[in-house]
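Asks: Each chain is listed here by its residues.
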Amino acid sequence: MGQLHVEGWAPEYGSPYETDEALADSGKVDDTIEVDGPWSPIRGVDDGVGQIAFVDGVRRIDARLTLDEADGPVPGICGSYGVGAVVWDRDAVRSDFADLLVDRLAVFGNGCGAPIPPDTQIVYRSESIPETDPGMLIQRFHGAMRKAEARLSEKLAQGGQFVVADGPINDLSATEKVGYIKTHRAPYLSQEKSAIMGRVRAGERTPLFLIGQGGAYPRYSWYQRLVDSADGHSWSGVVRCEVSSALTLEHAQRIANRMAAVLQLVGSEAHIDPRAPQNLVPIAALERELRRRLGDPAFVYRALRSAVAGAAVEA
Amino acid sequence: MTDNRANEPAAAEADDNGVGRVLGTEHTSTREFRVVLDEAEYLQLDDLVVVRTQVPKQGEVHTYGIVTEVAAIYEGANFESDTHRIAVEGTLPGAKVRSAEIAITRVDPELWVSPDPGGKVERAKGAERDKALYVDEMGRPLPIGLGRDGEPVYADLDFFDGRKGGHMSISGISGVATKTSFALFFLRLLSARPDVLGEGAANLRILVFNVKGEDLLWLDKKNRYFDRAATDSWQQLGVAPGPFPSVSFWAPPRTQSGDAVIPDTGGRQEGVAAFTWTPREFIEDGLLRFLFTDATDSRNQIPFIEERVRAQLQRFAVDVEGRPGAVVLRDPIEGHAPGSSVVPNPGERIIGDLKSLVTAVEEFVDPEDGEPDQKWTGRVQAGTVSAFVRRLHSASHRLGHLVRAGESRQIDRRAAQVTVVAIQTLHDLGQRFVVGALLAETFAEKEQTGQRLPLSVIVLDELNKYAPREGNSPLKEMLIDIAQRGRSLGVLLVGAQQSASRVASEVMENAAIRVAGRLDAAEAERSEYGWMLPSTRARARLLKPGTMVVSQPALPVPLVLEFPFPPWATRKEEVDTSDVDPFSGL
Numbered sequence: 001m002g003q004l005h006v007e008g009w010a011p012e013y014g015s016p017y018e019t020d021e022a023l024a025d026s027g028k029v030d031d032t033i034e035v036d037g038p039w040s041p042i043r044g045v046d047d048g049v050g051q052i053a054f055v056d057g058v059r060r061i062d063a064r065l066t067l068d069e070a071d072g073p074v075p076g077i078c079g080s081y082g083v084g085a086v087v088w089d090r091d092a093v094r095s096d097f098a099d100l101l102v103d104r105l106a107v108f109g110n111g112c113g114a115p116i117p118p119d120t121q122i123v124y125r126s127e128s129i130p131e132t133d134p135g136m137l138i139q140r141f142h143g144a145m146r147k148a149e150a151r152l153s154e155k156l157a158q159g160g161q162f163v164v165a166d167g168p169i170n171d172l173s174a175t176e177k178v179g180y181i182k183t184h185r186a187p188y189l190s191q192e193k194s195a196i197m198g199r200v201r202a203g204e205r206t207p208l209f210l211i212g213q214g215g216a217y218p219r220y221s222w223y224q225r226l227v228d229s230a231d232g233h234s235w236s237g238v239v240r241c242e243v244s245s246a247l248t249l250e251h252a253q254r255i256a257n258r259m260a261a262v263l264q265l266v267g268s269e270a271h272i273d274p275r276a277p278q279n280l281v282p283i284a285a286l287e288r289e290l291r292r293r294l295g296d297p298a299f300v301y302r303a304l305r306s307a308v309a310g311a312a313v314e315a
Numbered sequence: 001m002t003d004n005r006a007n008e009p010a011a012a013e014a015d016d017n018g019v020g021r022v023l024g025t026e027h028t029s030t031r032e033f034r035v036v037l038d039e040a041e042y043l044q045l046d047d048l049v050v051v052r053t054q055v056p057k058q059g060e061v062h063t064y065g066i067v068t069e070v071a072a073i074y075e076g077a078n079f080e081s082d083t084h085r086i087a088v089e090g091t092l093p094g095a096k097v098r099s100a101e102i103a104i105t106r107v108d109p110e111l112w113v114s115p116d117p118g119g120k121v122e123r124a125k126g127a128e129r130d131k132a133l134y135v136d137e138m139g140r141p142l143p144i145g146l147g148r149d150g151e152p153v154y155a156d157l158d159f160f161d162g163r164k165g166g167h168m169s170i171s172g173i174s175g176v177a178t179k180t181s182f183a184l185f186f187l188r189l190l191s192a193r194p195d196v197l198g199e200g201a202a203n204l205r206i207l208v209f210n211v212k213g214e215d216l217l218w219l220d221k222k223n224r225y226f227d228r229a230a231t232d233s234w235q236q237l238g239v240a241p242g243p244f245p246s247v248s249f250w251a252p253p254r255t256q257s258g259d260a261v262i263p264d265t266g267g268r269q270e271g272v273a274a275f276t277w278t279p280r281e282f283i284e285d286g287l288l289r290f291l292f293t294d295a296t297d298s299r300n301q302i303p304f305i306e307e308r309v310r311a312q313l314q315r316f317a318v319d320v321e322g323r324p325g326a327v328v329l330r331d332p333i334e335g336h337a338p339g340s341s342v343v344p345n346p347g348e349r350i351i352g353d354l355k356s357l358v359t360a361v362e363e364f365v366d367p368e369d370g371e372p373d374q375k376w377t378g379r380v381q382a383g384t385v386s387a388f389v390r391r392l393h394s395a396s397h398r399l400g401h402l403v404r405a406g407e408s409r410q411i412d413r414r415a416a417q418v419t420v421v422a423i424q425t426l427h428d429l430g431q432r433f434v435v436g437a438l439l440a441e442t443f444a445e446k447e448q449t450g451q452r453l454p455l456s457v458i459v460l461d462e463l464n465k466y467a468p469r470e471g472n473s474p475l476k477e478m479l480i481d482i483a484q485r486g487r488s489l490g491v492l493l494v495g496a497q498q499s500a501s502r503v504a505s506e507v508m509e510n511a512a513i514r515v516a517g518r519l520d521a522a523e524a525e526r527s528e529y530g531w532m533l534p535s536t537r538a539r540a541r542l543l544k545p546g547t548m549v550v551s552q553p554a555l556p557v558p559l560v561l562e563f564p565f566p567p568w569a570t571r572k573e574e575v576d577t578s579d580v581d582p583f584s585g586l
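Residue numbers (this note's numbering), protein chains in the order written: chain A, 1 to 315; chain B, 1 to 586.
Please keep in mind that the hints were generated in silico from the structure rather than gathered at the bench.
The C-beta atom is built at its ideal place from N, Cα and C for all residues, glycine as well.
Fair warning: there could be bad hints in the mix.
[What the hints assert, rightly or not] Within a straight-line C-alpha distance of at most 35 Å, the following computed DSBU-like cross-link-like pairs (lysine-lysine) qualify:
| # | chain 1 | residue 1 | chain 2 | residue 2 |
| --- | --- | --- | --- | --- |
| 1 | B | K96 | B | K131 |
| 2 | B | K96 | B | K375 |
| 3 | A | K147 | B | K96 |
| 4 | B | K355 | B | K375 |
| 5 | B | K544 | B | K572 |
| 6 | B | K96 | A | K155 |
| 7 | A | K182 | B | K57 |
[To be verified] Estimated spans, in silico, between C-beta atoms of each pair:
| # | chain 1 | residue 1 | chain 2 | residue 2 | range |
| --- | --- | --- | --- | --- | --- |
| 8 | A | A195 | B | T83 | 23 to 31 Å |
| 9 | A | G48 | B | E41 | 16 to 24 Å |
| 10 | A | G135 | B | E75 | 34 to 42 Å |
| 11 | B | E80 | A | R275 | 14 to 22 Å |
| 12 | A | D47 | B | E26 | 43 to 51 Å |
| 13 | B | Q58 | A | G135 | 52 to 60 Å |
| 14 | A | A195 | B | E80 | 34 to 42 Å |
| 15 | B | V176 | A | R275 | 34 to 42 Å |
| 16 | B | E509 | A | E269 | 52 to 60 Å |
| 17 | B | V176 | A | A230 | 56 to 64 Å |
| 18 | B | S81 | A | G48 | 51 to 59 Å |
| 19 | B | A87 | A | R199 | 33 to 41 Å |
[Said to hold, decoys possible] A few chain A positions that, by computed beta-carbon distances, are all more than 12 Å from chain B:
| # | residue |
| --- | --- |
| 20 | G72 |
| 21 | R90 |
| 22 | G111 |
| 23 | S128 |
| 24 | P134 |
| 25 | G143 |
| 26 | R146 |
| 27 | K155 |
| 28 | A285 |
| 29 | R288 |
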């Protein structure tokens, strides 16, 4: 096995890769499943849900690696990610972190792999992929975080929690699990239907529409507005949500109404969060906490270097 | 994930004194550190804590400290409005974190290292508490009050009675600082604990001046408002509560009472003796100098002529046959033997009070017809002589009633352990005269023997009046002398003042034990209170009556203590007149 090296340059350099792009799909949209005809905004209904679990993850590439093999250098990355939840207990009027998990992973290309020498506090798992494209390495790493998020969301939802997870959902379980998408890259609405966004006020939503038909995971989706702003465009303060189509339409409607009524309560303020209001207060706090738990990047990088160097000396 | 949990068994923390952990997000030092408190624990100001630190190659070091500030914050809140999100809406995860700031008082063994972050902080109790307060190193620890934890706080008597240091200085606002109350409380403990005071307890004499009201004229009477809680506190201090057992009270005579000598007091006559000096005693003790105690007197040549007149009076004074205490002035050339009595010649002025003495002196230094006698004036300028005479007349007017012939009524400081001299009715000039005369007498006695024992304690309020920072006077000089040399002669000053900054610095600097009650905010910022921690200074303006800050050489930080309600009365209405003894069975 070849010698392992930690590269000296910034780990994120040269990877402007949009990792969630692949998950967006604009296929056939059925915008008649709830309202067949002209759309008008639907006011949300707070059904008094007691607890809401917000699930999210953060990741960081800690270092680039090179495995010095006889037939050429093998690229690799190693990074840390954390996933967890904030459970907002509306009855107790408090929020707490739950199920916080930090994992560290090294990914090598070219089907090669090497264990990362363990430090006393920092331990990396090691995996490999057949490709050599650095983007694919990051994709694999990002996928690991998404899987961990999905596992946690499913676990909480199975336990009876109402879950709001950051990002699209991709499974077929009929649980109360909402995917929460802040950005609007793929156009789901026809030009005619899009006009409704000018009329949807805070606390209201569009009718449901079905997306991903024919794909692996068809979902009910809707747009809702978190906050009215005087100077915003018609899509400002708007988020898209989705739930699995394995739920009944009535169940999906109930969840959509609940989301329209409740989510605006946790929208962030523009002067506090540049991604306001879509970046929800509990999720922003969760990301901050997870980032903190990933450890100081300089400290992690140094520990990694010294562990690799130490192993090289021993070898 | 990175986890730096301190490697200690968690189970052991169940039933111990642990209150939290040393904060790890800022540096600890040998001066201070912070504690993050456990959920179910608390620390308040002045609590004492200990941390055990494993030092490489040296072993375990105990760091002791005292809480100087406590704080709480929402962790996870980045903006002020996050407070609402955490407390009211509950939408933001956040946790209350409480912490305390500790000033380190001691490291044992003396290895000056800082405590480790994450180290377990425990409340110092029992022997650990004594170590935090250096009680184990005190030669003779005397309890001088109760800490906030209800346990006694000690002062090392070695630093009061002159062995290693002497004197006490008490500062604070009038009325709420309870300066005199604390002084008396301290003296009661001192006199009631011969087991701590040791050899100095025998024949201990305490001289107290009552300068305001008649607060101190009831020290021998029980206080009817003394209750069970106060009893418990006194017993915590190892003293059975009770009034002072041995007190004598002295007051100047009334001015308009003719030949009868009646003490000039309002609420109490019984057991109070009037004091006066005879002209003979006045001359013999050289008390003339204490008529010139105004700080401005020293700027001109008055001290010079005063000294000359004082010496001449001692040479000229001759006792009068059949008139005890009275004298006539005759030139020694006329050949009278020392101690002899003479029959006055017809027309010769008999000096029976201050007025006649002043008139007699005036005849020498400023006669109506003829030239001044230069043996008496020492050739000072005429203006100075006039000023001298003017002051003499004014003194005769203000305190003339303190000097009269007849039987000796000098204050007898041996009559009781505590001598209370009531000077509140006297003019400032009279107060300074009495204080000066008694201090001189006390100091002269001790100077003659040169012995530290028996101890003589002097309690003097409004010290700034007797030893002001500016100017000079024989009284100020004497107080400085006592402050500087009294320690080795067993003359101990317990001085009190509203502002330490207005008292002669020589007097302040020599006080080993410094005490402050509530202070004026501006006063507390002065350098005279540099012995306080910044946090204590900030708090000094909030101290309740009965709470004092005490600094002593044996301890690097000042302590805040409370002293219990006195078992003696401080007003006539407080005197317990019932026959039932509330202290029986205690």
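Asks: Just want to verify: G111 (chain A) was marked as not at the interface with chain B; is every Cβ pair farther apart than 12 Å?
Replies: Check passes; 29 Å lies beyond 12 Å.
Asks: So is A285 (chain A) really clear of chain B, every C-beta pair being over 12 Å apart?
Replies: violated (5 Å)
Asks: If we take the beta carbon of R90 (chain A), is the closest beta carbon in chain B still more than 12 Å away?
Replies: The assertion about R90 (chain A) is violated, with a minimum of 7 Å to chain B.
Asks: Are G48 (chain A) and E41 (chain B) spaced within 16 to 24 Å by their CB atoms?
Replies: About 37 Å separates the Cβ atoms of G48 (chain A) and E41 (chain B), which means 16 to 24 Å is violated.
Asks: If you check the beta carbons of S81 (chain B) and G48 (chain A), does the distance land in 51 to 59 Å?
Replies: Distance hint for S81 (chain B), G48 (chain A) is violated at roughly 26 Å.
Asks: Starting from the range 34 to 42 Å, see whether the pair V176 (chain B) and R275 (chain A) falls in it by beta-carbon distance.
Replies: At 57 Å between Cβs, range violated.
Asks: Is K96 (chain B) within 35 Å of K155 (chain A), Cα to Cα?
Replies: Given pair K96 (chain B), K155 (chain A) holds - Cα atoms ~29 Å apart, limit 35 Å.
Asks: I want to verify a distance hint. Is the separation of the beta carbons of G135 (chain A) and E75 (chain B) within 34 to 42 Å?
Replies: holds (38 Å)
Asks: Measure nothing beyond the straight line between the CA atoms of K355 (chain B) and K375 (chain B); if it is 35 Å or shorter, mark the hint as holding.
Replies: Roughly 22 Å separates the two Cα atoms, so the pair holds.
Asks: Does the alpha-carbon distance linking K147 (chain A) and K96 (chain B) stay inside the 35 Å limit?
Replies: holds (33 Å)
Asks: Is K182 (chain A) within 35 Å of K57 (chain B), Cα to Cα?
Replies: Measuring from Cα to Cα gives roughly 58 Å; hence the hint is violated.
Asks: K544 (chain B) and K572 (chain B): Cα distance at most 35 Å?
Replies: Measuring from Cα to Cα gives roughly 24 Å; hence the hint holds.
In this structure, the hints that do not hold are numbers 2, 7, 8, 9, 15, 18, 21, 28, 29, in rising order.
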